[in-house]
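Q: Based on the provided sequences and hints, a complete structural model is requested.
So you can see what is in the structure, the chains are spelled out below.
There are 2 protein chains.
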Amino acid sequence: MLIVHVHINVKPECVDAFREATIENASKSIEEPGIARFDFLAQQDDPTKFLLVEVYADPAAAASHKNTAHYAKWRDAVAPLMAEPRSSVKFTNVFPGESSW
Amino acid sequence: MLIVHVHINVKPECVDAFREATIENASKSIEEPGIARFDFLAQQDDPTKFLLVEVYADPAAAASHKNTAHYAKWRDAVAPLMAEPRSSVKFTNVFPGESSW
Numbered sequence: 001m002l003i004v005h006v007h008i009n010v011k012p013e014c015v016d017a018f019r020e021a022t023i024e025n026a027s028k029s030i031e032e033p034g035i036a037r038f039d040f041l042a043q044q045d046d047p048t049k050f051l052l053v054e055v056y057a058d059p060a061a062a063a064s065h066k067n068t069a070h071y072a073k074w075r076d077a078v079a080p081l082m083a084e085p086r087s088s089v090k091f092t093n094v095f096p097g098e099s100s101w
Numbered sequence: 001m002l003i004v005h006v007h008i009n010v011k012p013e014c015v016d017a018f019r020e021a022t023i024e025n026a027s028k029s030i031e032e033p034g035i036a037r038f039d040f041l042a043q044q045d046d047p048t049k050f051l052l053v054e055v056y057a058d059p060a061a062a063a064s065h066k067n068t069a070h071y072a073k074w075r076d077a078v079a080p081l082m083a084e085p086r087s088s089v090k091f092t093n094v095f096p097g098e099s100s101w
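Taken in sequence, the protein lines are chains A and B.
For the record, in the first sequence the residue sitting at position 22 is 22 according to our numbering, with numbers rising by one throughout.
For the record, in the second sequence the residue sitting at position 10 is 10 according to our numbering, with numbers rising by one throughout.
The set of hints was computed from the structure by calculation and includes no laboratory data.
Since this is a predicted model, take the numbers as computed values, not measurements.
Mixed in with the good hints there might be a few duds.
No copy is singled out in the list; a pair is fine if it fits within one copy or between any two copies.
As a list, the in silico DSSO-like pairs of lysine-lysine whose alpha-carbon atoms are at most 30 Å apart [stated by the list, open to error]:
hint, residue 1, residue 2
1, Lys11, Lys73
2, Lys49, Lys66
3, Lys73, Lys90
4, Lys90, Lys11
A: Below, the structure written as structure tokens:
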């Protein structure tokens, strides 16, 4: 499995537009066959900070996601809304095992 | 819901002991009634960095977790294994809604 956490800082005046675009992207992404979770989280102590938790069956599923129409639409929509380039960290699951995602 | 991400840096010589103690804690924590997920993740580019993804029904469930015997055992077991104090970030779910955890 491949778990990717994407950290995103949004311009304060763009928070509502970012949330709307990202809910749409997450709703479509979770329907992809190789995606087990696609969680969109808001940091509690800062309304401009968000995290995407993307849980892929394997690296091929992550690559496939980048080729979808909904990813391209989201990427272009949020480009002007972000305060800085987003960053990501890759993880492997230790617990639970693959069957519990 | 309350989602807590706990970032932990472990001493290089303590990684195996840390993984063993944390798998035990996660296995017991996921059985708590107010805990929807308790994921233990390893950062891919640094074998000493780990993340706990703790998904609670509410803040009361998070407080209750701190009162369990398995939490106390884990807390004491990992204290000498960490390279620095752990840090945590609190999140709220935007997507999906509460029923999908």
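Q: Work down the list of hints and note, for each, if the structure agrees.
A: A quick look at each hint next to the structure:
For the homomeric pair Lys11 and Lys73, the shortest alpha-carbon distance inside one copy (19 Å) is at most 30 Å, but the shortest distance between copies (42 Å) is not. Both within a single protomer and between protomers do Lys49 and Lys66 lie at most 30 Å apart by alpha-carbon distance, with minima of 22 Å and 27 Å respectively. For the homomeric pair Lys73 and Lys90, the shortest alpha-carbon distances inside one copy (23 Å) and between copies (29 Å) are both at most 30 Å. For the identical chains of this complex, Lys90 and Lys11 are neighbours both inside a copy (25 Å) and across copies (20 Å), given an alpha-carbon limit of 30 Å.
Comparing the model with each earlier hint shows no violations; every hint is respected.
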